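Visitor: The primary structure of each chain is shown beneath.
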Amino acid sequence: MDDIKRKYVIPGDVITTGPYRAEENVNLVGDKIIATTVGISEIYDSGVRVIPLTGMYVPRIDDFIIGIVKSHTSLSWELDMRSCYPGILPAQDVFGRDFNPKVDELTSRLKKGDLVAARIANFDRSRDPLITIGDRDLGKIEEGELVKISPSKVPRLIGKRGSMIQTIENATKALITIGQNGYIVVSCEEPEGLLKALDAIRMIDEQAHVPNLTEKIQEMLGSNSE
Amino acid sequence: MGVKKTDIVLLDDKGIRCDGRKIDEPRNIMIKAGVLKNANGSAYIEFGENKILAGVFGPRDVHPKHLANTDRGILRCRYHMEPFSVSERKNPAPSRREIEISKVIKEALEPAVMLENFPRTVVDVYIEVLQADGGSRCAALDAAAVALADAGIPMRDMVSACAAGKVADTIVLDINNEEDQEGQADMPVAYMPNLEKVTLLQLDGVLTPAEYKKCIETAINGCKIVYEIQKKALKDKFFGDMSP
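Protein chains in written order, with our numbering: chain A, 1 to 226; chain B, 1001 to 1244.
Derived from the structure by calculation, the hints contain no laboratory data.
Careful, some of the hints might be misleading.
To be verified - Using 25 Å as the maximum straight-line C-alpha spacing, the simulated DSS-like pairs for lysine-lysine come out as follows: (1) A/K7 <-> B/K1232; (2) B/K1224 <-> A/K7; (3) B/K1213 <-> A/K7; (4) B/K1232 <-> A/K70; (5) B/K1065 <-> A/K148; (6) B/K1237 <-> A/K5; (7) B/K1037 <-> B/K1231; (8) A/K153 <-> B/K1065; (9) A/K32 <-> B/K1037; (10) B/K1224 <-> A/K153; (11) A/K173 <-> A/K7.
Since we're looking at a predicted model, the values are computed, not measured.
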């Protein structure tokens, strides 16, 4: 882990030349590995990738996401998940196998604007991502405050083995649900804790690239509680 | 259109042009990335007297749906001049010239944007010319490329654009409005600086083969100057004053 070389890049920057594996957000031209987005490049082992600092969420199978119900047809809901594609949640997933579009009214379960914790069941280039809530801890989110951060900053918010998010949760007693797409729901019984948690999340979104962020967050949470 | 015969000296004996520049000197260029809140990406450029805003949306759903392409995304581009961008009111309806520039800007950006990653979507680029001087298509392209990068749309390379031309029998860099109207040739060039590929090449005027070669070389050098400024704009926005 120690021999990772990091660099700030913009599209077109040559990260390195040589026998490296081109991974995410890079383009191999001849023997040059070129960044395709604004971000931080990483060279490790034999691979090169760029962690983007901006851009939309790109769905990946098995990702946990939070979606906002946008609309519905007679057979499925459409969710906004901050991607270039809408998420499709089939009605069968919610009503069960005996779903009958003639009898069951979709709005009785999920209305426009509702928040849904879901997982991406299937996605490829030819179809819109298929969403499922048929799993433990998935389904409609009843309460909480929605925060939107950049999807590229989600790993920073979680931290190494969840260290950052645990820091915030322990200090504020808030329950934080993080979607990979950058939608986050915070619920807390104490309004003060809620506000503090929201501030911390916004601070991470703004300063994700700053070193020693965990300590800064600890400091902020600590100083507020006094 | 309303060109007055003037007695301005386009190039004096010392090689100084009508606005005081040397022959290989571009105008002052300032670019700022991320100036608009509601667009996914945006940029503002001041290129001499040109003042241009570019906003980018997407990738997003295509409407009308029949325009969507099932195996790659599409790029749409609108270049628009404000009624107050020129000295006499310009009709805000798209003119023949604006439609053409929209098309050439779209085609100059297309080789750089990796649209194949986003099938069935569209990337919209809106360019508003607030104040026009010569060479607004190049300035618009520069702003659009920065706005695309700001929106996080994957690109093979940046696109930098700059014009060169022939004024008083000399090849000069970055033609301004007077030189455009009184000069002998104008050649806007857009260039991908790391891939070393030209994505836009237009020529208005007559050049000999030797002049043509010199002109395109001059323009590409201009593109490289612009590229450094684009780079700085993006680095300022995303990395602040942190050391790379």
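Visitor: Against the structure shown, which of the earlier numbered hints fail to hold, in ascending order?
Guide: Violated hints: 3, 4, 5, 8, 9, 10 and 11; rest satisfied.
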